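My request is simple: use the sequences and hints to build the entire structure.
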Amino acid sequence: VDIDWEYPVAGGLATNKVSPQDKQNFTLLMSTLRQKLDQQGSKDGRTYLLTAAVAAGADKIDNLEVSKLSGVVDWLCIMTYDLYGAW
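Following the working numbering, the numbering of the sequence shown begins with 515 at its first residue and continues without gaps.
Simulated from the structure, these hints should not be mistaken for laboratory data.
Since we're looking at a predicted model, the values are computed, not measured.
A few of these clues could be false.
Distance windows between CB atoms, simulated [to be verified]:
#	residue 1	residue 2	range
1	Ile575	Ala528	28 to 36 Å
2	Leu543	Asp576	12 to 20 Å
3	Thr561	Val532	28 to 36 Å
4	Thr565	Gly599	21 to 29 Å
5	Ser556	Ala600	21 to 29 Å
6	Thr546	Ile592	19 to 27 Å
7	Thr594	Asp558	32 to 40 Å
Simulated pairs of lysine to any residue, SDA-like, Cα-Cα distance not exceeding 25 Å [as the list claims (entries may be wrong)]:
#	residue 1	residue 2
8	Lys537	Gly525
9	Lys550	Tyr562
10	Lys550	Leu564
11	Lys550	Glu579
12	Lys550	Gly525
13	Lys531	Thr541
14	Lys531	Ile592
15	Lys574	Met593
16	Lys582	Thr561
17	Lys574	Pro534
Ideal placement from N, C-alpha and C gives every residue a C-beta, glycine not left out.
Next up, the structure:
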């Protein structure tokens with residue numbers, strides 16, 4: 515399962531509803547999904563991967579609990595297509 519929430523706390527489409535609590539809400543969502551996937555895996559003997567697509571910009575990373583997320587996801591897929599410069 516890959517979750518692509520653009521973006522917790524701020525950003526994304528102008529019509530998105532955002533909240534300062536989204537930083538913790540995203541971690542809660544991912545933790546709950548991890549728990550449910552692990553429960554299902556215990557029942558059917560399968561392994562379920564949980565990944566999240568996250569932005570590379572510091573302003574977006576600051577809105578994530580990266581250390582907590584890294585403990586519940588198999589991969590954090592960093593969306594680097596937002597990076598640009600004169601290099």
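Each hint, compared with the structure:
no., hint, in the structure
1, Ile575 x Ala528: 28 to 36 Å, "violated, 22 Å"
2, Leu543 x Asp576: 12 to 20 Å, "holds, 18 Å"
3, Thr561 x Val532: 28 to 36 Å, "holds, 33 Å"
4, Thr565 x Gly599: 21 to 29 Å, "holds, 27 Å"
5, Ser556 x Ala600: 21 to 29 Å, "violated, 52 Å"
6, Thr546 x Ile592: 19 to 27 Å, "holds, 23 Å"
7, Thr594 x Asp558: 32 to 40 Å, "holds, 35 Å"
8, Lys537 x Gly525, "holds, 13 Å"
9, Lys550 x Tyr562, "holds, 10 Å"
10, Lys550 x Leu564, "holds, 11 Å"
11, Lys550 x Glu579, "holds, 20 Å"
12, Lys550 x Gly525, "violated, 28 Å"
13, Lys531 x Thr541, "holds, 17 Å"
14, Lys531 x Ile592, "holds, 23 Å"
15, Lys574 x Met593, "holds, 11 Å"
16, Lys582 x Thr561, "holds, 21 Å"
17, Lys574 x Pro534, "holds, 12 Å"
Against the hints set out earlier in the document, violations occur for numbers 1, 5 and 12.
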